[in-house]
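K.L.:
Sequence:
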Amino acid sequence: MNPLRHVFSAAAVATLATALVPAHAQGVIKIGEVNSYKAQPAFLEPYKKGMELAVEEINAKGGVNGRKVELITRDDNANPGDAVRVAEELVAREKIDVLTGTFLSNTGLAVADFAKQKKIFFLAGEPLTDKMTWQGGNEYTFRLRPGTYMQAAMLVPEAAKLKKKRWAVVYPNYEYGQSAVAAFKTLLKAAQPDVEFVAEQAPPLGKVDAGAVVQALADAKPDAVFNVLFGADLSKFVREGNTRGLFKDRTVVSVLTGEPEYLDPLKDETPNGWIVTGYPWYGIQTPEHKAFFLAYHAKYKDYPRLGSVVGYSMIKSVAAGIDKARSTETPKLVAAFKGLQVDTPFGKISYRAEDHQSTMGAFVGKTKNENGKGLMVDYTYFDGAKFQPSAADVKKSRTAD
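Residues -25 to -1, 1 to 376 (mature numbering (1 follows the signal peptide of the UniProt record, and there is no 0)) make up the sequence shown, in order.
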């Protein structure tokens, strides 16, 4: 027997076998993810755990279309330039299939523009500026979380019920804060035409001089305050506000404050009665949330934060989109995401074709200081689908397409 003939035959069989394996079953699906891990650990450490739980669940079921999922993360140093640099690295060096992530609105917009230039699919999990999907929306970018317009639209009916005429606003002076205040002012004026905005404080993100900010707001003698500060800035603002009596006999409406990432650190300084958006993980009794909570707690011996839900739902969305597209090719994935339905811990959501915004909602309720711990009470889940602009309005604003 000719041994060379035997070797050739074995090689031919191996080649034929490889050829018979569908292309989509070869290799792993690489999800590239960019975020501000060092700058925003309170939100992004739980977020990363949520992503990892989703990857584990997907791979335990055989992956997507026969391919396992691999998550590759990079830190963007909370800087738009660095965000684009590491996104480029993920595309060029790591050969990722899809791009995801970002937390801050300015980094999110930078990566969205990069995705447009490179023609790669990008699912933004967290950045909340409305420019992500409306004024600056593009064909390749989708977003999971409800943006500033949607969250303001959920809060404004509660704010209007207060019938307070004189309002002050405080927000971090960058894209997210500016977008949130603009939406709140527009929507509240529409609901209550006689409203006046008598003071505005816009400290740099992460650099709030809380004493000066609180004093300036108090000097304006507003009837109510709209707050957009979060993280360490929020803690400093609350401490000074409590000390100087800013919140005494004055209503505060606040975006994000009911999220455990920001509410938990306040502890016994938690103010009572703020109207907030947030995540009361301890009280949500739906089957989908119970299943998520039990899986998360079993893996991490901890309770989930909102970041956990966002990270988990983002990866589940990517998997659902690839499954529907039967491909990771960008044009097919973009087409598949339009109208895509995804099961999340908050129930089923979909991604709108007209603006690529998901219908994920948010909980609206009030803060309560209970035995030195901040809680969210009297809360209701607001379906994001009911707080989005019309397709006609979206078409007018999406000039970047």
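Honestly, the hints are just simulated from the structure, not real lab data. Predicted model only: the values in this text are computed from it and were never measured. Hints are not guaranteed to be accurate.
[Stated by the list, open to error] Distance condition first, Cα-Cα at most 16 Å in a straight line; then the derived EDC-like pairs of lysine to aspartate or glutamate:
hint, residue 1, residue 2
1, Lys13, Asp57
2, Lys5, Asp243
3, Lys348, Asp243
4, Lys5, Asp57
5, Lys136, Glu69
6, Lys299, Asp277
7, Lys138, Asp198
8, Lys43, Glu20
[Said to hold, decoys possible] With beta-carbon atoms standing in for the labels, derived distance ranges:
hint, residue 1, residue 2, range
9, Asn346, Ala310, 46 to 54 Å
10, Asp224, Tyr278, 29 to 37 Å
11, Gln190, Lys140, 47 to 55 Å
12, Asp194, Pro168, 19 to 27 Å
13, Val3, Asp169, 35 to 43 Å
Virtual Cβ for every residue (Gly too), placed ideally from N, Cα, C.
K.L.:
Can you tell me whether the CB distance of Gln190 to Lys140 sits inside 47 to 55 Å?
P.N.:
violated (22 Å)
K.L.:
Below or equal to 16 Å on CA atoms is what counts here, so check Lys136 against Glu69.
P.N.:
violated (52 Å)
K.L.:
Taken at face value, is the distance from the CA of Asp57 to the CA of Lys13 at most 16 Å?
P.N.:
holds (13 Å)
K.L.:
Honestly, do Asp194 and Pro168 meet the 19 to 27 Å range at C-beta?
P.N.:
holds (26 Å)
K.L.:
Taking 46 to 54 Å as the stated bounds, is the beta-carbon spacing between Asn346 and Ala310 within them?
P.N.:
Distance hint for Asn346, Ala310 holds at roughly 52 Å.
K.L.:
Holds or violated: Lys138 with Asp198, Cα cutoff 16 Å?
P.N.:
holds (9 Å)
K.L.:
For the pair we were handed, Lys43 and Glu20, check the Cα-Cα distance against 16 Å.
P.N.:
Cα-Cα ~23 Å, so violated.
K.L.:
Is 29 to 37 Å respected by the C-beta to C-beta distance linking Asp224 and Tyr278?
P.N.:
Since Asp224 and Tyr278 have Cβ atoms about 34 Å apart, the given range 29 to 37 Å holds.
K.L.:
Are Lys348 and Asp243 close enough, with their CA atoms no more than 16 Å apart?
P.N.:
holds (6 Å)
K.L.:
Decide if the proposed pair is consistent with the structure: Lys5 and Asp243, CA atoms, cutoff 16 Å inclusive.
P.N.:
Status violated; Cα separation ~44 Å.
K.L.:
Mind checking the alpha carbons of Lys299 and Asp277 for me, to see if they're no more than 16 Å apart?
P.N.:
Distance of about 33 Å is beyond 16 Å: violated.
K.L.:
Could one say that the CB atoms of Val3 and Asp169 fall in the range 35 to 43 Å?
P.N.:
violated (59 Å)
Of the numbered hints given earlier, the model fails hints 2, 4, 5, 6, 8, 11, 13; all others are met.
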